[in-house]
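Those protein sequences? They're chains A and B, same order as listed.
In this text, residue positions in the first sequence follow the working numbering: the first is 1, and each later residue adds one.
In this text, residue positions in the second sequence follow the working numbering: the first is 1001, and each later residue adds one.
Some clues are possibly wrong.
[To be verified] Derived pair list, reagent style DSSO-like, types lysine-lysine, alpha-carbon separation capped at 30 Å: (1) Lys116(A) <-> Lys102(A); (2) Lys512(A) <-> Lys1307(B); (3) Lys102(A) <-> Lys1307(B).
Hints were generated in silico from the structure; no laboratory data involved.
Just so it is clear, the structure is predicted and the values come from calculations on it, not from any experiment.
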Amino acid sequence: MSLLDVRDLAVSYDARPAVQGISFTVEPGEVVAVVGESGSGKTTTAHSIIGLLPPNATLDGGRILLGDSDLATWSTRRMESIRGAQIGLIPQDPSNSLNPVKTVGAQIGEVLRIHKRGDRRTISRRVVNLLTRVGLPDPETRARQYPHELSGGMRQRVLIAIAIALEPRLVIADEPTSALDVTVQRRILDLIDDLRAEFGTAVLLVTHDLGIAANRSDRLIVMKDGRIEEQGPSGQVLSDPRAAYTGQLLRDAPALSVREFRAVEQTPEEPTAEPAIVVHNLVKEFRVGRRPFRAVDGVSFEVRPGTTHALVGESGSGKTTTARMVVRFAEPTSGTVTIAGAGTVAAPGTAAGVGTVAGAGAVAGGRAARDFRRHVQLVYQNPYSSLDPRQSIAAIVEEPLRNFRLGDRAARRRRVRDLMERVALPESLLDRRPRELSGGQRQRVAIARALAVDPGVVVLDEAVSALDVTVQAQILDLLEELQRDLGLTYLFISHDLAVVRQISHTVSVMNKGRIVEFGTTQRVFTDPRHDYTRELLAAIPEPVR
Amino acid sequence: MTRYVLMRVGQAALVLWAAFTAGYVLLQLLPGDSILIKFQNPELGLSPQQIAEIRAYYGGGDPPIIGYLHTLLGFLRGGFGYSIDTGTPVVERLAEALPETAELATAGFALAVLIAVALAFAAGYSRTSWLRGALLAVPSLFVSVPAFWLGILLIQVFSFRLGLVPVIGGSQTQQLLLPVLTLAVPISAPIAQVLARGIDQVYTQPFVPVVAAKGASRWWILWRHVARNAVLPALTVAGMTFGELIAGSVVTETVFGRNGIGRLTEQAVNAQDTPVMLAVVVLASTVFVLVNLGVDLLFPVLDPRLKASA
């Protein structure tokens, strides 16, 4: 008998169907991955099994058989007896999934207290055992600490300890690593694998990342628009997808597609044009309490015009701080940034040669600074928060033109229409507000806005990280096309090596404020020289095809 | 941490000084003259020259800055001067009135917190939407009820109609009952509102489903996880309501005929008795500042994240 047997499940939110006709099984000790993009219903499916749907959701039909009992018919009180004990949950976002005002130890011990497994003493012993088991050093100290004193990876280990504390038969892992750095991601997935092998726990792995699903699961369920598109053994689904949608997902997932590297067209011997961006010995210090902290420590690189340079690194590597100095949102402590056609910025008080724009003026305004802003534009990570929710799309795209007083009204309106066409958005969206657009459409609007003043350099800060893979692929294609047509130079900031591999010509790998490796994308990916680069590369799932 | 405590204490002292100064200046600027109110009565038969001498005795002839420094020094030593109205030391008058008000305010505040917590928790726990809506509407009703009207209404209903509480006489508890209720109702409203909103907000945090996934019951989640996180903003508001508590006691004590600080204030205002008014202002701000200092110092204890930043 299957451990979990879901039959014809249907759930709706406020009478709007969310998932329909969902049927699948999970065998004991098996890893089943549910893959889909946002809105596909994968989380709804997972949460209905453990009975944690939001209040406006209703179970319209179907059976959820755990062993012989149909959980769909159970009362809340009965569900409480199996949550934590028979079904564990590893949540998505470790940073907010622990109660900030309780110690880590208390929160692990809680699951034992709720199910009345032992007295205070046995529980605190068990907590230390669990912390050791999930690989946290110095478990006695950790148990007394609060969540904010632990790193993201450590918090996720704590959450795993909670999920496995009572050795449940099934663990639901809802995007367990999507908020973590790649190297941490890999270790967490390894840990889940080990624990599964040790306790024989089955895992229902919910993920948007086809690469992870491919590497870590026995069977794969592909969901789209609230229905199952395809399911079967992972190898079979990946090598011989039946549904067209699965094929598209496979093509679009950067980790799985083996595209050609983008090569720099000019050969090195050829006399090259002046570099579009030159960053020289850039340093940024922050004061944390009394000690100065070097977020960026002697970073130098050059970017040729019309190419894409990627700054890749994990959180805290200094890549975003470097980008902020390049666009002059932050002042360097020392070092220079030179952008062809827009002057040099140096740390205040240092001589940086002819054409230097004083650092202070960069942030404050002034003519030179305004020219700079025309030449260098920025596209942010989050297309939800980088657009003013009260403005229409037309007003958003037009705003830079108005700020720089470019053209009259009619000319500006024509320009906005051209830009919309460039980023392949229908004109009918011009009167809409940002919230009426999808994530991909919003990011296109942000790109159109950045292009409005004809910049030479565009800095893309995790510009595709928040998007689903199919949308991500479309935006990456758009960026490539725009670069070809307009001769743009990109500085592409990302933590995602698979995306970097696809879009960039050259790469700088950053770690702890320094560039540890620099080279063409092909060289760095095929012949990494630094240990840290190798570790990063080992952490991306292998291409299966 | 020590730095944080010292900073807060320093700020509290600064606020107190500012309150004293503002109170002093405003009372000096008030039109009217307490000495004239008291001594110009023709029956007393005082000549203008004698009144001028009395004025000099109370320090009326000094340049303003000397008067200010003199009074400030007196306050720092704990001497609040003499009441112009009765001639007795202000300290004595305060000492007489304070216990009555302390009793009323403490009981009123305790009841307000009780009402607020009960309302907010009931609303947070209830799953029936109409009941929730009804519970959440109660604070808005409470805050819009004028204290004097509520006091009179309570006397009408409980004393005259139902005869449950005697109007005059009765035990001390009986005497306290209605004034405390009158005081508590409007004060409970903002605390209940902020607490209920806090509870709602904490419920949307991702850690709540994680606790539920451990098998915790709704009550367990509310009591052990949500409440602790929601209490911080409510605590701030509770500290702020202490100001209203003092204002509320003026009305309540007048309506119920209690001889407390509220009544004293009322009398002092009528007689333009500046020393008493200034003492009341300083007393009220001292209590207010101390309560809020306590709240500030309690914050890092309740939320460990603030310990790091403090």
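Do the hints match the structure? See the list:
Taking the CA atoms of lysine 116(A) and lysine 102(A), the gap is about 19 Å. The hint holds against a cut of 30 Å. For the given pair, lysine 512(A) sits about 27 Å from lysine 1307(B) by alpha-carbon distance, which is consistent with the 30 Å threshold. About 13 Å separates the Cα atoms of lysine 102(A) and lysine 1307(B), which keeps this hinted pair within 30 Å; it holds.
No hint from the list above goes unmet by this structure.
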